[in-house]
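Engineer: First residue of the sequence shown: 1172, per my numbering; consecutive thereafter.
Do not rely on the hints blindly, as some may be mistaken.
Said to hold, decoys possible - Capping the alpha-carbon separation at 27 Å, the derived lysine-lysine pairs in DSS-like fashion look like this:
# : residue 1 : residue 2
1 : K1235     : K1207
2 : K1232     : K1277
3 : K1277     : K1235
4 : K1218     : K1277
5 : K1232     : K1207
6 : K1277     : K1207
7 : K1207     : K1218
8 : K1218     : K1235
To be verified - Pairwise CB distance ranges (calculated):
#  : residue 1 : residue 2 : range
9  : T1208     : G1186     : 15 to 21 Å
10 : I1340     : D1213     : 35 to 41 Å
11 : A1245     : A1310     : 17 to 23 Å
12 : A1211     : G1259     : 31 to 37 Å
Derived by calculation from the structure, the hints in this document are not laboratory data.
Quick caveat, the model's predicted, so the values are computed rather than measured.
Using N, Cα and C, we set each Cβ at its ideal position, and we do this for glycine too.
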Amino acid sequence: AFLVALTMSHAVLAGSFYISPNGNGADGRSWPTAWKTFRAIDWSNIKPGDFIYLDGGTTSKIHKGTLNVGASGAAGQPVTITRSVDSGHNGIPIFDGGSPSGIGVKISSRNYVTVSGLTVRNYTDRRNQSKSTGNIRVARSNNIIIDNNRLHIINRGGVFIENSTNSRITNNNITTSTF
């Protein structure tokens, strides 16, 4: 009984949040009330151990803009940003920068964040070649995991990490049109 109670209390502590252009934007706590855009995320509600699920539609769903991660996790309780496993939302969430648009996922001054199961493509800044842009950018952050993502690079991009420690980039598929 004690083990069951301990397991259930951990499940209650971890929150699930949702991003979908089809949500009503109310509070992000379900698919019907999902935040519509990355900018709409109320990061003050995101706590260590929480999951942010991205709508992938039935096969795929396009998300535009930059996801600026605004919360940290803790040791053993990362904030996890990933694709949904729920039926009807478990397709591939695709971050699509389209034309020159900077960064797909930006993690700056955060700790214990996992980004997994996403496709991030077409992010670059052709106007400023010396600028550190790309698909996923990590700066001044620690214990970040970038795992099992698909990154398609145009011009320049990929995963850019600076001034960060204990971070892992594993099992990602990175393709490019040109170098």
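Engineer: Report the numbers of all earlier hints that the structure fails to satisfy, in ascending order.
Structural biologist: The structure breaks hints 10 and 12; every other hint is satisfied.
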